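Take a look at the letters that make up each chain.
Number of protein chains: 2
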Amino acid sequence: MSSSFNPIYLDYNATTPVLPEVLDAMLPYLRERSGNPSSLHPFGREARAAVEKAREEVAYLLGCLPEEIIFTSGGTESNNLAILGSAAASQQRSAVVTSVIEHPAVSRPCEFLERRGRKVARIGVDELGVVRLEEARRAVDDGPLLVTVMHANNETGSIQPIKELVAVAKERGAVVHTDAAQSVGKIPLNVDDLGIDLLTVAGHKLYAPKGVGALYLRRRTPLTPVTMGAGHERGLRPGTENVASIVGLGAACTVARLSLRVESERVRTLRDRLWASLNAGIPGIRLNGHPTQRLPNTLNVLFPGVRSSVLLDAAPAIAASAGSACHEGEETASPVLLSMGVDPVEALGAVRLSLGRGTTERDVTAAVEALVIAWENAR
Amino acid sequence: MSSSFNPIYLDYNATTPVLPEVLDAMLPYLRERSGNPSSLHPFGREARAAVEKAREEVAYLLGCLPEEIIFTSGGTESNNLAILGSAAASQQRSAVVTSVIEHPAVSRPCEFLERRGRKVARIGVDELGVVRLEEARRAVDDGPLLVTVMHANNETGSIQPIKELVAVAKERGAVVHTDAAQSVGKIPLNVDDLGIDLLTVAGHKLYAPKGVGALYLRRRTPLTPVTMGAGHERGLRPGTENVASIVGLGAACTVARLSLRVESERVRTLRDRLWASLNAGIPGIRLNGHPTQRLPNTLNVLFPGVRSSVLLDAAPAIAASAGSACHEGEETASPVLLSMGVDPVEALGAVRLSLGRGTTERDVTAAVEALVIAWENAR
Chain A
24 MSSSFNPIYL DYNATTPVLP EVLDAMLPYL RERSGNPSSL HPFGREARAA VEKAREEVAY
84 LLGCLPEEII FTSGGTESNN LAILGSAAAS QQRSAVVTSV IEHPAVSRPC EFLERRGRKV
144 ARIGVDELGV VRLEEARRAV DDGPLLVTVM HANNETGSIQ PIKELVAVAK ERGAVVHTDA
204 AQSVGKIPLN VDDLGIDLLT VAGHKLYAPK GVGALYLRRR TPLTPVTMGA GHERGLRPGT
264 ENVASIVGLG AACTVARLSL RVESERVRTL RDRLWASLNA GIPGIRLNGH PTQRLPNTLN
324 VLFPGVRSSV LLDAAPAIAA SAGSACHEGE ETASPVLLSM GVDPVEALGA VRLSLGRGTT
384 ERDVTAAVEA LVIAWENAR
Chain B
24 MSSSFNPIYL DYNATTPVLP EVLDAMLPYL RERSGNPSSL HPFGREARAA VEKAREEVAY
84 LLGCLPEEII FTSGGTESNN LAILGSAAAS QQRSAVVTSV IEHPAVSRPC EFLERRGRKV
144 ARIGVDELGV VRLEEARRAV DDGPLLVTVM HANNETGSIQ PIKELVAVAK ERGAVVHTDA
204 AQSVGKIPLN VDDLGIDLLT VAGHKLYAPK GVGALYLRRR TPLTPVTMGA GHERGLRPGT
264 ENVASIVGLG AACTVARLSL RVESERVRTL RDRLWASLNA GIPGIRLNGH PTQRLPNTLN
324 VLFPGVRSSV LLDAAPAIAA SAGSACHEGE ETASPVLLSM GVDPVEALGA VRLSLGRGTT
384 ERDVTAAVEA LVIAWENAR
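From first to last, the protein sequence lines are chains A and B.
Last residue of the first sequence: 402 in this note's numbering, with the numbers rising by one and none dropped.
Last residue of the second sequence: 402 in this note's numbering, with the numbers rising by one and none dropped.
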């Protein structure tokens, strides 16, 4: 990433750049291969083949069948389709179980269902930002139709015990969805290992373009479409397929599949070095989230005695996020951190540093320098 | 357009290629300008500025204010948001008036509302494929909440009397939506001239990429979002903005604004030449749709004594559509043509030839030759 300012980009959890090899895969579909996959002539068949190849690539990364992948316009739409579509498909059961740390793309559809008379239970988290399984056990007593808990938190990176949650939920026959927008491409993930029924993929969090995503839907899981139109995506998601971006998502999944383990170790090493240096340079700095069960690229820290917005203004050499960057920044404490028991005043000093494929050792060294100086000036 | 077959592309109503100048505008946002518009650092501000510039470009083409434009994932989503969002926003009124020739992206949401207990009235069309205003006058007697009639039909190109429909609907206080997926960029269009409250734009029908669209929403028109999430697009359409494609849509609207009149006359001349030559070469061929109040690029014809699928198979030199190409091709007669009173057997010989910016005089000559020979062999 570069701009006229050329700050060091440490906001990969907000969005990732499109990888050059992903863009290369897309370009023919933004140039001469411009058919509509529904057309029966060669232009259409060429576009259809590209969409179906991409479906295979996404499925391969997740460990599922191609026909279990529905392409959408992104993580928000996938989450809405999973939650509202599951609710619409269920006549018998009405309750939903979710967590207190979900992204608005999950929490808002749940609130919508609540306003429409469904019962929504929200599981709390411990001080490391991990959902409390014992609360989940109590919450599923109602026999909910759906349990939806994110795979990894966008702010802290804490990885949730989805496999254990699935075991709890399946005892009561619930469908289980996880918003994996932040984990796909960052950590190994297999839908059968997790035992999940529905899983959200967001293209722009894994080096595919913005405006494309996928929903994994396990065979025989009931789902009612929430938008209506022609019969695209097996009748579950209408609209002419976003061919170029779908091809990009497929290519990004292949890159992730082939290099995820090596790359995540590289990024983890850099991230841990960043933390060690900040910890050495800033007395009283604290880590938010789980020390080990955490996305390898994510470092959420509390800078003592300073507001994060002031700190980041004083550190223009880096581009990072104060709180969750997926929606408009506000000077209020992060609800995720508050739910973990972080002091409301201290929480205002939280900064999320998220690394990625473009991050170098030099970036880390420069970021530490910038942040330490900014903190000394700003506190 | 080109492929290994290199057929002549005459299916611009199914989808258009991305114009080179549109792709050029997009590329920086698929490369170095990769920020999330919600981020507060320079990468985010750069992306936000690009989205807002594109919003101005779309607004300029439609003759509205930038804040009246909501970006979506395409025409289908815009139609769903307009129809379901208007219905959700209205407590008092429940009826919907639509036409019998709508695209599934309009007719299916209307059917959904019907299943949920709303009254849906469908206006018929005359033999030229134009809605009957006297039926509209009767249909609005109920005081419907919403009238939704397309601006130009995707199959025949017949342009609907939206201005007159608006006058009829406004007498009864209805909100009026038009699906302008096929007309934006093909004919001059101004939302105030039409008097419309909601208007659907589909990027890939006007040389922007697939997977992006817009909904024009007149100020103070009530609308409830149908997907829930963070507060993007003034709370009406959540999800990280598809920056590159939105930039592409803006660029395509600028191209349309600057060259629409000249280009539409060029295409109209070619289209009329195509029709004259086919009419001279194929005894009994008939034109579907309005002779003059019709999209300048669209030619829907009935080939006598032959099924269109057989005819098109016999003419591999051209890529055109038998019936509407936006959804899976079927060997059943087009409901649009049937609603115009076309004989069900004759309707099976319908072919839609839709021209565009890439169409040349040579293409027209070659297409005529290919179609006449194919018809002679296939009938």
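Just so you know, these hints were derived from the structure itself, not from any lab.
One thing to keep in mind: the hints can contain errors.
Among chain A residues calculated to face chain B with C-beta under 7 Å, some are [unchecked claim]:
#, residue
1, 40
2, 190
3, 263
4, 268
5, 300
6, 302
Distance ranges between label pairs, derived from CB positions [as the list claims (entries may be wrong)]:
#, chain 1, residue 1, chain 2, residue 2, range
7, A, 339, B, 358, 16 to 24 Å
8, B, 242, A, 285, 26 to 34 Å
9, A, 55, B, 138, 56 to 64 Å
10, A, 257, B, 245, 28 to 36 Å
Only a predicted model underlies this, so the values are computations on that prediction, with no experimental measurement involved.
Cβ atoms here follow ideal geometry from the backbone N, Cα and C, with glycine treated the same way.
Now the hints, each set against the structure:
Interface restraint check: residue 40(A) against chain B, minimum CB-CB distance 4 Å, threshold 7 Å, status holds. With a least beta-carbon distance of about 29 Å to chain B, the hint placing residue 190(A) at the interface is violated under the 7 Å criterion. Against a cut-off of 7 Å between C-beta atoms, the interface hint on residue 263(A) holds, since the closest Cβ of chain B lies about 5 Å away. The interface hint given for residue 268(A) holds, since its Cβ lies 5 Å from the closest Cβ of chain B, which is under the 7 Å cut-off.
Violation of the interface hint for residue 300(A) is found here, the shortest Cβ-Cβ separation to chain B being roughly 21 Å, above the 7 Å cut-off. Because the smallest distance between the Cβ of residue 302(A) and any Cβ of chain B comes to about 24 Å, over 7 Å, the interface hint for this residue is violated. Distance hint check for residue 339(A) and residue 358(B): the Cβ-Cβ separation is about 60 Å, which falls outside the suggested range of 16 to 24 Å. Look at residue 242(B) against residue 285(A): about 53 Å separates their beta carbons, and that is not inside 26 to 34 Å.
The supplied range of 56 to 64 Å is broken by residue 55(A) and residue 138(B), whose beta-carbon atoms lie about 43 Å from each other. Under the hint 28 to 36 Å, the C-beta atoms of residue 257(A) and residue 245(B), about 33 Å apart, fit the expected range.
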